[in-house]
Amino acid sequence: MQHRPRIQKGVSRAATVRFVIDGIELDAPAGESLAAALMAAGIGTIRHGPMDGQPRSVFCLIGLCQECLVEIDGMQIEACRVNVSAGMQVNRLRPMDPIKP
Amino acid sequence: MTYDLAVIGAGPAGASATIEAAKAGLDTVLIDEQRAAGGQVWRAKGPAIKAAPATPEGKTGDRLRAALAAVTADRHFSARVWDIERHTDGFRISAISPTGALTIETRAVLLAGGAQERVFAVPGWTLPGVIGLGAATALMKEQLVLPGNRVIVAGVGPLLSFVAHEIIRNGGKVAAVVDLNPLSVWLRCLPDLIGSPGLLVRGAWWRLRLWAAGVAYFHECGIRSIEGDRAVSRVTIGAVDANWCPLGAATQTYDADAVCLGHGLAPATEASRLLGADHQYDGGQGGWKPVTDDVGRTTVPGLFVAGDGAGVQGAAAAQLQGRISALAIAEDLGLLTTREWRRRSAPLILRIGKAQRFGRAMTALTIPRPGLIEAIAPDTLVCRCEGLSRHDIEAEIRAGANWPNAIKSGTRCGMGPCGGRYCTETVTELACRITGKTPGEFGIPTARPPLRPVPIGCLSGEFDYDDLPIPPPAPL
Ligand SMILES: Cc1cc2nc3c(=O)[nH]c(=O)nc-3n(C[C@H](O)[C@H](O)[C@H](O)COP(=O)(O)OP(=O)(O)OC[C@H]3O[C@@H](n4cnc5c(N)ncnc54)[C@H](O)[C@@H]3O)c2cc1C
Ligand code: FES
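Those protein sequence lines, which keep their order, are chains A and B. Start counting the first sequence at 0; every next residue gets the next number (numbering that gives the first Met the number 0). Start counting the second sequence at 0; every next residue gets the next number (numbering that gives the first Met the number 0).
The following block holds chain A by itself, in its conformation from the complex (with noise of 0.2 Å):
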């Protein structure tokens, strides 16, 4: 997927801080949400479809929809309720991990 651009006229964000998705590294502001800057690093899937297994990603961006699931310190958690911060260890769910919540 392409990178999704930060809107910058104008805008000033905090430091950047490197965080690791399935070992990848990435840069972020510190508190940006982690929807937001996987969407900015162009990071399409973020989990897949439970039963259909097709690439799935953020959709509602207000923690309802639960297609952004993510996995940081071993607990599921939505990726547009967690803000990025330095060190910030996350995994994607394997394609056909059970939803917890």
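Treat the hints loosely; a few may be bogus.
Some chain B residues judged to face chain A by a derived CB distance under 10 Å, without partners named [as the list claims (entries may be wrong)]:
1. Q39
2. A43
3. I48
4. S77
5. V118
6. I130
7. A137
8. R229
9. Y421
Here are the simulated DMTMM-like cross-link-like pairs (lysine to aspartate or glutamate), alpha carbons at most 20 Å apart as the crow flies [what the hints assert, rightly or not]:
10. B:K436 <-> B:E393
11. A:K8 <-> B:E56
12. B:K49 <-> A:D26
13. B:K172 <-> B:D254
If you are wondering where the hints come from, they were derived from the structure by calculation, not from laboratory data. The beta-carbon is built from N, C-alpha and C at its ideal position, and this holds for glycine as well.
Given the coordinates of chain A, work out where chain B with the ligands should sit on it, guided by the hints.
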């Protein structure tokens, strides 16, 4: 301690209600899952944004947040309410916040949870790159990130021009705006809009800016398909008739890497359903909504609803409704005399008519029409969570499961982690077509806790996911 009032939701309705309630002397607590007050429309910028140009919504939100900061009321942000129980003396609210579980006792509850976005399926809508229209507003307002590099903005209602305008204003590209409605419906509702000239001028301004920027805006047009290998790359559109049914062959195919898609808003009724309030179907206000009187009293004693959750009427009406409800609660609890209630509420009641007229005219533009279902191909997924296509669900209905709850138990449709938010309406429509009933006749699906997905990650301390009292599904 027991609060007089717990307000759930800190959008225009809930934040304004909290301010009014605190001023009337109520011990009030405000709970919202977002990081700050403002709701969907006036959402605050995320912590990564240190400075950004001011916008009208941002300024209104800042004023509301400042007014809220000046009153005495407890507040819990980043806290998701997942259960509300009623007992003899009031209500017990369970929420999950970053610091752990939260239990709140209160005499009265004001539900101000707003609306939820309605997105009907179109072929390809599950591809990465397709997001809701409301989702796009959240992404741009809170994160200042654009939904894509070349965006198709499609669906119905006022968010179409707002989202397209925000994209170009922020330096992005809109490939086309695809509106199921003809231009004439906008002109026809003008009489309802001129009472709110400020909002009308803003809407007209967005259209003008889109036109000046050379953005193609197609009326009476819908998405035929969204395609791409693992992400959106092409979008095909075509004409629709007055029922929004596809008409003739597809007309254009656009290269695009994102689609913002939405078909209006529906009141978020999960909490009012959970508490057993009566509901009624009103397509002109977004579908199922709790039955209330003029001040937001539901059929459950002590339970009030204000804002879009009581029927979608927009932010201006939500703010006034919230204040009126707060005053009515103060009177019910004996903290305001009837005389004082009249004095404080009269000017608000005077103003609300115009705001409601505007909001209802906007919502009326989005009343679902048969074409939304017509556009769903047999193999298009309707239930994203359980991976069920239109064909799967129709087969279940034909096999005799003709009620949304029965379909749930047969296929697990609507039982996925999204709580059926994005499929229930489509399933109901499909069932209506096959059985010849109306949505009103089917009734409203039952709600059970948790009201919100409560991922394991939100829990801490001794409180464990296994402790969540999720009852087994009720027998049908
Ligand atoms: C995704 C989305 C985007 C929208 N964008 C726009 C826009 O750009 N412009 C516009 O004019 N209108 C927009 N609307 C419509 C807009 O929401 C309303 O007109 C207006 O904000 C209604 O105000 P409200 O106070 O009733 O609800 P809202 O503003 O929706 O506020 C409700 C609040 O309740 C909170 N909440 C709900 N349930 C819970 C729970 N269980 N636990 C904790 N907190 C909870 C939410 O976090 C939210 O902050 C949007 C609607 C949606 C759903
Ligand atoms: S995008 Fe829907 S839950 Fe995160």
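Hints, verified against the model:
| no. | hint | verdict |
| --- | --- | --- |
| 1 | Q39 | holds, 7 Å |
| 2 | A43 | violated, 12 Å |
| 3 | I48 | holds, 6 Å |
| 4 | S77 | holds, 9 Å |
| 5 | V118 | holds, 8 Å |
| 6 | I130 | holds, 6 Å |
| 7 | A137 | holds, 5 Å |
| 8 | R229 | holds, 5 Å |
| 9 | Y421 | holds, 7 Å |
| 10 | B:K436 <-> B:E393 | holds, 15 Å |
| 11 | A:K8 <-> B:E56 | holds, 18 Å |
| 12 | B:K49 <-> A:D26 | holds, 17 Å |
| 13 | B:K172 <-> B:D254 | holds, 12 Å |
Taken one by one, the earlier hints fail for this structure only at number 2.
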